[in-house]
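A.B. asks: First to last, the sequence lines map onto chains A and B.
When you number the first sequence by this note's numbering, it's gap-free, plus one each residue, and the end is 332.
When you number the second sequence by this note's numbering, it's gap-free, plus one each residue, and the end is 1332.
Misleading hints may appear alongside valid ones.
[To be verified] Chain A regions said to be covered by chain B (calculated; three or more residues, Cβ under 8 Å): (1) 65-72; (2) 169-175; (3) 193-204; (4) 219-225; (5) 239-253; (6) 298-309; (7) 322-328.
The hints are simulated quantities; they were obtained by calculation from the structure and are not laboratory data.
We treat Cβ as the ideally placed atom computed from N, Cα and C, and that holds for glycine.
Protein chains: 2
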Amino acid sequence: MITFDAQEFLRIGAAIYDRRDQIESMADAAVARGFDNIVLCSVGGSQAMMDPFATIIRRLSSVPVVQVLAPLYTTGGHPEVTSRSLVIMASKSGDTTETVAAAKALQKLGAPIFSVVGVDGSPLQALSDWCFVYGDGRPQELVLYLFVGALLHRLGSFEAYPRFADQLRNLPAALVDVRQTFDARAIDYCERFNADPYNIWVASGELWPVAYAYAMCVLEESLWLRTKSVMSSEFFHGTLELVERDTCVTLLVGEGATRPLDLRVKDFIERYTDNAVVIDMADFALAGFDAEFRWMLGPVVANAALQRISKNMEHINQHPLETRRYYRKVAY
Amino acid sequence: MITFDAQEFLRIGAAIYDRRDQIESMADAAVARGFDNIVLCSVGGSQAMMDPFATIIRRLSSVPVVQVLAPLYTTGGHPEVTSRSLVIMASKSGDTTETVAAAKALQKLGAPIFSVVGVDGSPLQALSDWCFVYGDGRPQELVLYLFVGALLHRLGSFEAYPRFADQLRNLPAALVDVRQTFDARAIDYCERFNADPYNIWVASGELWPVAYAYAMCVLEESLWLRTKSVMSSEFFHGTLELVERDTCVTLLVGEGATRPLDLRVKDFIERYTDNAVVIDMADFALAGFDAEFRWMLGPVVANAALQRISKNMEHINQHPLETRRYYRKVAY
């Protein structure tokens, strides 16, 4: 397998999981302070990393959730974001301009901020009430499974959280297995579609932000491949008409409540294009997890599988994932 | 001008405006019944027609708004949608499968429904507490400017509503002028980009749903042209890397709070592609409207301008807007 080190994945997974106590203490502190709603506020790939948790919180509790992109908050505000909101923010660098600007406005408002940041000593950390610096730990979502899970548990929802949190110890190994299982399919995908003029990506519910961000932040930004991403529920209201026998349509099928919407797309694309690619989360083993938790893991499972497409595409197209035309190269 | 009849546009505009009393009575009845939040629930182009009103309500009041696609509601529910929600739904045919299914679930829940429907005697009408049937009246949004405006006014927000509602009498003529003003640019657009392999569409705030739906429901569904639509605030987090000197990027610039985000995209695309198309709502006259109301009209102004692209593209590409491969032709 190209660009793959199983031991390293286990190490960087444990690097987060081993600090479970620290994350749960931050959740305790947030609950102790009290809040009326949870606000997910960042931008780009970091927002998309958090957005599945809106679906998860809504399924597991009645705590209201507001999703607001940082630059939209900064320019227009949001009436449901108040000093009684618990704001969750994320930024790999911790210095994303739009997110830092929103954090400043939120701090001024008096809303407490919990942030998930890759780099120690960042501006976002300085603006946060609680900040978890994951460094080279991965996946970032593991921080939120623990923080959000503990939060809901303390509030009397998600009774099964302690069992889920114990099983999260198995996540790094489960994701290594996903990568190994999916690699042959990823290579086949890259060989078939690496020169396609355009790819359609479809998903729903907790997997929609994954498809959206993979298309935008990896295929477009890192591999310069053209995409259209569309929700399973919206696919039948326009985009379907573009499907011809040679159109590449990639579908992520989740195990959550919206699975029937994904399966409807599956039936359609398997009938009308020879280039339908269906990645079904139900096909992965996820050893060490009870069935009831599988749907929540969809985002990290999908990302682990898709990472194999990124790594193989980088190799096949001889296009380094780090090459940029504009990002951090020119001012805008 | 191809496929254009100014008198007919004035007639179908008045066909809605002349029933202003009826719409405001429905708003009175909804307020009399009482509600804790407003829920916008439909699918596809109809959802996108309603979504700008989430932004409008949030700017003008503190009434909480929930946007939930009908099929997502039906499969997964939403904890903030209760019998104390006022649900607004829309469907041109009134028989959109996903919307009717959600309306049934919402009726069972006991949530009152106000619907905006094109066809008299539809299933959605039968499930609604209040239904406005617009028939051949256009634009549909005029119903919501009046309904939502009256609603907020009755609740003590949007003090200027009576003046805005009076000025809405001028909307049909203002939109005829938009079409006439924009037609030459629309023809130029179609001649330059009708054979492009791919078009990027960008907008934000109250105009984002317009760009999203125009790309999906017109360019993709009706003209079989490939698109990527992306919010102005998200453009810099991936899609920008696809911009080359010959990439067509079309930007809608609004007059609302998020205008600075649009202008940032404008600066970028005007520097890095020769095919930047900027449609600025501030360039249209909108005679008969006070400046403070202009931003709210952005969605109908943009749609009137874009309709000239549709009509000219239909002619230039000899592709009738009604032709479908799948929609209502095969079962799925």
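A.B. asks: State the violated hints by number, sorted upward, taking the hints as numbered earlier in the document.
C.D. replies: Per hint list: 2, 6 violated.
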